[in-house]
Amino acid sequence: MQQSPSETGALSLSFWPDARGSTQRTLAGLIAEEDPIARDPEGYAEVSIAARGFFALDMLLFDPGFSDYAPGSYTCDLVTTIGADLAHQAEALNAAWSGDFATTLRQAGAEGNATYLHEDEALRAIYTQILTSLEFTAETRLGQPMGRVDRPRPARAEARRSGRPLRNVPLASQAAYALATALADHDLPQTDAAMQRVRAAAARIADPVFQDVTDSQARLRVEVLQQAVRSLRTAIGTEIGAPLGIAPGFNAQDGD
Amino acid sequence: MIARRSFLANVLAATTAPRIGWADVGNPSYLAAAREADGGFVLCGLDRDGTVGFRVPLPARGHAGAGHPTRAEAVAFARRPGPFALVLDCARGAVLHSLSPPANRQFNGHGVFADRGDLLFTSEQAGDTSDGVIGIWDVDAGYARIGEFPSGGTGPHELTLMPDARTLVVANGGIATDPLDRSKLNLRTMRPNLSYLSLSGEILEQVELDRALHRNSIRHLAVRRDGLVGFAMQWEGAPGAATPLLGLHRRGTPVRLAMAPLADELAMQGYAGSIAFGGDATEIGITSPRGGRLHRFSAEGAFLGAVSRTDVCGLATRPDGYLASDGLGGLIAISAVRTAPLGRSDCAWDNHIVAL
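Protein sequences, first through last, are from chains H and D.
Residues in the first sequence are numbered from 1 upward in steps of one, following our numbering.
Residues in the second sequence are numbered from 1001 upward in steps of one, following our numbering.
By construction, these hints were calculated from the structure, which means they are not laboratory data.
Please note that the accuracy of each hint is not assured.
In silico lysine to any residue, SDA-like type, Cα no more than 20 Å apart, as pairs [to be verified]:
#, chain 1, residue 1, chain 2, residue 2
1, D, Lys1184, D, Asp1131
2, D, Lys1184, H, Asp254
3, D, Lys1184, H, Gln253
4, D, Lys1184, H, Ala247
Please model the entire structure based on the sequences and the hints provided.
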């Protein structure tokens, strides 16, 4: 989810992709200076989002350049603080979604609601989120390590240090699928079948961290998975978007 | 005899049909183009509270407009690459003139009146090279093309008049495009700039950003009464770079770039579509339809906050803040203290709201 309370909140939980290596650089800077912020779980919210959330933990817990630290060391305290900050963020997001934003979403079209001026706009927002999420999975989660055919980029796989690149794909697809199922008040046979194909394609991949995408056969299996995620997105568009008459953004698509 | 009769008829028309002024069409505050529910395109007049006054049909999708300073005439520009601009009589809904760019020129979506409304300046580019050109049109001669001069860069987009009424400021976006579509041809070498030009085309001052930001296309402008210029940018480099999308410039001084905190900046998706000063012009806003958000900054460049709204793009000054429009038909009033919907029409508001 990257809208409303999570519009910016998702980024401080999950700062990725990070093409410029900001997470590594920021964490290394904190550690080199032994910045006292590492021992301040409340104040840690002021630190750059690149050094917060899951990907900071992925780096500190699993990257050999960081993970060799002793109990009670500066890095150990930093890990504990990032964990506490993550818990605070989760609590705040949960409160925002179930509090004010739940009202905004349920009262779409009510007088004074400046976020959703009509009931349809709330449906549209959730629908768009589903498609955006699947696009991210296909084009970024999978697209980043695939790179170009002549230049695969396995080091760019999401959360590769913690061994999650493959695992995240069916999980994220399943989450989008579940939201689509909840949004629609009718059967979604094409979408159901497309979700099955995502699971099947994921099951055929040997390397859970996509480090073998340099091999053409292995790459082909990742491409099949990418295509399956794209097909899931298309099926949701056909079975939910088209009946609702939702078209892409008039201005967002124009680009000028 | 025929010539004489038509001469007399013209004299008669000129003396008996006074020019229609903006008061005659209800003193609209803004112009905005839209796509209507039936798929047709229009240019609308809006009052301060977003109520639609006049509504003039357009033959194709519009981009921005320019309002004559006194007469109820507006020029509606086609979106890039623009084959037409229409001079509209906003009282009668009639097309007064259809402007076509000369050979090897295309309209780039924006224009501005100057010299108390005697001249219209249009943002254009050469079809083959994308070299920027400012077209000059004589209003009283029925919008006759009377000349042009270089814009000082490649692919100019918005241009506007400085408060001294003698200087144009031009956003030279830097992007060379295919003459038949919008394919971008020079992203590796593009060099946008902000150019100040006299009304006769003399380049008075030019500003470029640092080399590292050469892919930040300068495209839209807002000018404050004291000459402070705000410019909005669109990043053509790698996604996720979180580059600044707002610049502030005052002639003779360095540019000040303004950024939101990283998460907010990333949420704009490297794209600002419109810019306007807010309220008493102590603040300035930029919109991103891709990110579905508006960012507010102080006129010194400090981030003040964000407002989320799907497909928001059009932005203009209101007395206590901004008027924002979006592709879902919404018109929203935004101020420092509240965000209030003014209305929702069954249309998609196009990229810009032009203040009259």
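Violations among the numbered hints: 4
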